[in-house]
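Line by line, the protein sequences give chains G and E.
Once you know that position 175 of the first sequence is 175 in the UniProt record's numbering, the rest is easy, because the numbers rise by one and skip nothing.
Once you know that position 244 of the second sequence is 244 in the UniProt record's numbering, the rest is easy, because the numbers rise by one and skip nothing.
Hints were generated in silico from the structure; no laboratory data involved.
Treat each hint with caution, since some may be false.
[Said to hold, decoys possible] Distance condition first, Cα-Cα at most 20 Å in a straight line; then the derived PhoX-like pairs of lysine-lysine:
| no. | chain 1 | residue 1 | chain 2 | residue 2 |
| --- | --- | --- | --- | --- |
| 1 | G | Lys-280 | E | Lys-16 |
| 2 | E | Lys-206 | E | Lys-103 |
| 3 | E | Lys-16 | G | Lys-272 |
| 4 | E | Lys-223 | E | Lys-2 |
| 5 | E | Lys-158 | E | Lys-66 |
| 6 | G | Lys-137 | G | Lys-182 |
[As the list claims (entries may be wrong)] Sample of chain E residues with no beta-carbon within 10 Å of chain G, all distances over it, derived:
| no. | residue |
| --- | --- |
| 7 | Asp-27 |
| 8 | Glu-70 |
| 9 | Arg-73 |
| 10 | Thr-74 |
| 11 | Ala-77 |
| 12 | Asp-81 |
| 13 | Gly-154 |
| 14 | Glu-162 |
| 15 | Val-163 |
| 16 | Ala-198 |
| 17 | Asp-204 |
| 18 | Asn-217 |
| 19 | Val-222 |
| 20 | Glu-226 |
| 21 | Gly-237 |
Since the structure is predicted, the reported quantities are computational estimates derived from the model, not experimental observations.
All residues carry an ideal CB built from backbone N, CA and C; glycine is no exception.
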Amino acid sequence: MHFGLSEEQEMIVSTVRSFVENEIYPHEAEVERTGEVPHALAQKIKDKVLELGFYACNFPEEVGGAGLSHLDFTLVERELGRGSMALTHFFGRPQNILMACNEEQRERYLLPAVRGERMDALAMTEPDAGSDVRGMKCSAVRQGSDWVVNGSKHFISGADHADFFIVFIATGVDETPKGPKKRITTFLVDRGTPGFEVRDGYRSVSHRGYKNCILEFDDCRLPDAQVLGEVDGGFAVMNEWLYATRLTVAAFSVGRARRCFDYALSYAAERKQFGQHIGKFQGVSFQIADMITDIDASDLLTLSAAWRLDQDLPANREIASAKVHATEMLAKVTDTTLQIYGGMGLMDDFPIERFWRDARVERIWDGTSEIQRHIISRDLLRPLGA
Amino acid sequence: MKVLVPVKRVIDYNVKVRVKADGSGVDLANVKMSMNPFDEISVEQAIRLKEAGQADEVVAVSIGVKQSQETLRTALAMGADRAILVVATDDVHNDIEPLAVAKILKAIVDEEQPGLVLCGKQAIDNDMNATGQMLAALMGWSQATFASEVSIEGDKAKVTREVDGGLQTIEVSMPTVITVDLRLNEPRYASLPNIMKAKKKPLDEKTPEDYGVDVSNRLEIVKTEEPEARAAGIKVGSVDELVEKLKEAGAV
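Input sequences plus hints: build the corresponding full structure.
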């Protein structure tokens, strides 16, 4: 067993970290204040990342990516987690689900996405279908050789900058002994397709500037060429690709927690009350000890889940453990850091209040903590018949 | 033309340094180490010369502990072609002195015959600011220190230097040693393809004995102390009050 990073991995980590410190941190306060990422800034970040060869580094070399292993890519995500998500979005990690594109779709979607020419967004959630994905109402029916889509999606992250969307849509119902069960198909939908509209979403407490949008389908016609994977094969596509995406949430949380922790540590060492550094009080020092222990544990869970993916070992349970542990750890670390800062932690002079707000969504998106616990427990109990 | 770039592994500039309890130096155990920032600038300059077609090979050299290999890999990932590591000590707290480093560099220069040596003006750990100058003296070469602009024309180098009163431009004949200052350029990030290639680039490992250089220290560190903590300031409400306070303090 060997827990060290290779020289390449060390360099990947230090390059991404300096990129985030130099190219992302300076713009964070402004994005936070305005809730917008100016187009020119987004383009500037994208251009620099393309030049560095890090754009779409999660994709294999044969499609123009850097062919990073899951572990290497998880390290990249971890370092990016330090920075504002609204800005690191333009570091460019297209959805890996695009690898399900057929030859013809590769030219239209996958390759331009890897080259940074077109940006994608993934759309699954609906007002009445959150964790219960099969409860979706957005549906497509056959009309001639086309599909006609009606319904809506919400909470679609990155949709404001997306040129096309990967959308999960119900394409039929199966009658099963447990009742009706929807069949789901994945579609590629271009911005500007008649009958398809992208609207502003809600203002979220987390990740200002990383907008969520609402997608509306009103008799939107999509030909078969827009189906990603097989018709009715939406769940297969989801299962094959989305678990790895979930791991990026864990990696983000570890990176963000380390940045937050650095604030806690230095404040504990500098701030004086009752004539001594607050870090001398056990009430603070033990919190410091607990925080770093939790962060390191999440880090190891996350990296070992990535390692399992690289070894082609079953990893869904481990990814779920990493996700639930890291996101709940981040909630604790940001909350404890805020407590150490006291009232000043709530003011936007420091980024602590932002870390604290941002952390809240991590336990909800890409599968809530409850869904992760469901996955973990089913994986253990189902084989025992319980 | 071949360019030789000596790089040093030093305590990372972001790390808050701590003096060792016995005052013999700064505590380097389990501390983040990085390439000396001035050396990053010299690596960048060497790569730019290569990109401009004025250099055809960039060789990075590091002298110190075995882990300096990581620093050399960073230079290779930035774009240097190959590297030489001289393992001169196994103790991270043993800082090889400038004269010994300059002697080893002289031996390497004799062997490699570069047309230019680009050094950082000083290392941020001990701020000696001596190695480049000593190397030029040992070689009998010209030297141009604290460069903020460098242009090479034929067998001459035109170097703008940052001096106390402003900028001074000098012309030196090649081969030469140039030590670089902060404003010469902005070092690039290592690109992902170059990071992946770095491992495949040659890295020769040597010892001071290979060059017949004695690296034992001649200087004795008597004491290392933290700078005195700055006294707290006060806020004044107006210009008049400021003038009054300055007068009280005897500053005006």
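Hints, one by one, checked against the model:
1. Lys-280/G with Lys-16/E: The given pair, whose Cα atoms are some 19 Å apart, holds under the 20 Å limit.
2. Lys-206/E with Lys-103/E: Given pair Lys-206/E, Lys-103/E holds - Cα atoms ~14 Å apart, limit 20 Å.
3. Lys-16/E with Lys-272/G: This hinted pair holds, its Cα atoms lying about 19 Å apart.
4. Lys-223/E with Lys-2/E: Given that 20 Å is the threshold and the Cα spacing comes to 41 Å, the pair is violated.
5. Lys-158/E with Lys-66/E: violated, 36 Å
6. Lys-137/G with Lys-182/G: This hinted pair holds, its Cα atoms lying about 10 Å apart.
7. Asp-27: holds, 15 Å
8. Glu-70: Glu-70/E is in fact no farther than 10 Å from some Cβ atom of chain G, at 6 Å.
9. Arg-73: Violated: least Cβ distance 5 Å, not greater than 10 Å.
10. Thr-74: Not fine: 6 Å to the nearest Cβ puts Thr-74/E too close to chain G.
11. Ala-77: violated, 5 Å
12. Asp-81: With a cut-off of 10 Å, Asp-81/E remains clear of chain G, as the shortest Cβ separation is near 17 Å.
13. Gly-154: holds, 32 Å
14. Glu-162: holds, 23 Å
15. Val-163: Nearest chain G Cβ is 29 Å from Val-163/E, so the label holds.
16. Ala-198: violated, 7 Å
17. Asp-204: holds, 16 Å
18. Asn-217: holds, 30 Å
19. Val-222: holds, 29 Å
20. Glu-226: holds, 14 Å
21. Gly-237: holds, 22 Å
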